[in-house]
Amino acid sequence: MTMSIIHRITGSALYLGTLLVAWWLIAASISQDYFDYVSWLFGTFLGRLVLFGYTWALLHHMLGGIRHFIWDTGAGLEKHTATKLAWATLAGSIVLTILVWIAGYATRGM
Amino acid sequence: MSKSPNDMRTPLGKVRGLGSAREGTLHFWRQRLTAIANVPLVLFFVGLLIALNGADYETTRAVLANPLVTLVLALMLISALFHMRLGMQVIIEDYVHGEGAKLVCLILNTFFTIAVGAMAIFALLKLAVGG
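So the sequences go chain by chain: D and G. In this text, residue positions in the first sequence follow our numbering: the first is 1, and each later residue adds one. In this text, residue positions in the second sequence follow our numbering: the first is 1001, and each later residue adds one.
Any given hint could be a false lead.
Listed next, the in silico SDA-like pairs over lysine to any residue satisfying Cα-Cα at most 20 Å (straight line) [claimed, not checked]:
no., chain 1, residue 1, chain 2, residue 2
1, G, Lys1126, D, Arg8
2, G, Lys1102, D, Asp33
3, D, Lys79, D, Gly65
4, G, Lys1102, D, Gln32
5, D, Lys79, D, Thr18
6, D, Lys84, D, Val100
7, G, Lys1126, G, Leu1108
8, G, Lys1126, D, Ile94
9, D, Lys79, D, Ile94
10, G, Lys1126, D, Asp33
11, G, Lys1102, D, Ile94
12, G, Lys1126, D, Thr18
13, G, Lys1102, G, Phe1082
14, G, Lys1126, D, Trp23
15, D, Lys84, D, Gly74
16, G, Lys1126, G, Pro1067
17, D, Lys79, D, Arg67
18, G, Lys1126, D, Phe35
19, G, Lys1102, G, Glu1023
20, G, Lys1126, G, Leu1043
21, G, Lys1126, D, Leu20
22, G, Lys1126, D, Lys84
23, G, Lys1102, D, Ile9
24, D, Lys79, D, Ala91
25, G, Lys1126, G, Arg1030
26, G, Lys1126, D, Gly104
If you're looking for bench data, these hints aren't it; they were derived computationally from the structure.
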């Protein structure tokens, strides 16, 4: 129940988030100055917070989607299994988000 | 649904597999199809962003101008935007009840996704040709 509405909320967040993807691509296609400005903006504390949330929304929605694929086969619909899957989705999304950001900082070398 | 005198089909035969919206499971099917495509495409994009984190302008442009990157990112945008248009359509249909408001939201949903896609893909093509 709660996970269903979270799937919709993360989906809606990703919907608006595509503006950030488009913005980044457009910035890269315009000029060095504008690209540097957008990179700086994304790199501010608030920018990083939004991008961190964006990463989590994406991974949570992706795992939630995989959960739907499992349900589509008719499996995992029993009450206790569904509850376990819900917790696995939440835990998995948090762990994966942290891993993605560790990888990101490792690449950056800081 | 007016019944022509020569129509031999039963009412059941006419609606079977279509439903009241006359598109049957097409919406569901496309939602799942784009969802499957999104998994590898979006993971590639996440990997690309990790690799490009902290990269300077020239490096970023060079990577984004790579034909394979352009192609995969374009496919990701198309699949993801199609998927989110379908998802938002369901949300609108569930929560916006006035017919007029619902219609406006559905139209804006399509306009928004196409506009974002057009802008992002134009930027990708511009980068691809080194513009």
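Each hint tested on the structure:
no., hint, in the structure
1, G:Lys1126 with D:Arg8, "34 Å, violated"
2, G:Lys1102 with D:Asp33, "41 Å, violated"
3, D:Lys79 with D:Gly65, "18 Å, holds"
4, G:Lys1102 with D:Gln32, "42 Å, violated"
5, D:Lys79 with D:Thr18, "35 Å, violated"
6, D:Lys84 with D:Val100, "24 Å, violated"
7, G:Lys1126 with G:Leu1108, "27 Å, violated"
8, G:Lys1126 with D:Ile94, "36 Å, violated"
9, D:Lys79 with D:Ile94, "23 Å, violated"
10, G:Lys1126 with D:Asp33, "17 Å, holds"
11, G:Lys1102 with D:Ile94, "35 Å, violated"
12, G:Lys1126 with D:Thr18, "19 Å, holds"
13, G:Lys1102 with G:Phe1082, "19 Å, holds"
14, G:Lys1126 with D:Trp23, "14 Å, holds"
15, D:Lys84 with D:Gly74, "16 Å, holds"
16, G:Lys1126 with G:Pro1067, "12 Å, holds"
17, D:Lys79 with D:Arg67, "14 Å, holds"
18, G:Lys1126 with D:Phe35, "14 Å, holds"
19, G:Lys1102 with G:Glu1023, "19 Å, holds"
20, G:Lys1126 with G:Leu1043, "23 Å, violated"
21, G:Lys1126 with D:Leu20, "18 Å, holds"
22, G:Lys1126 with D:Lys84, "47 Å, violated"
23, G:Lys1102 with D:Ile9, "19 Å, holds"
24, D:Lys79 with D:Ala91, "19 Å, holds"
25, G:Lys1126 with G:Arg1030, "29 Å, violated"
26, G:Lys1126 with D:Gly104, "26 Å, violated"
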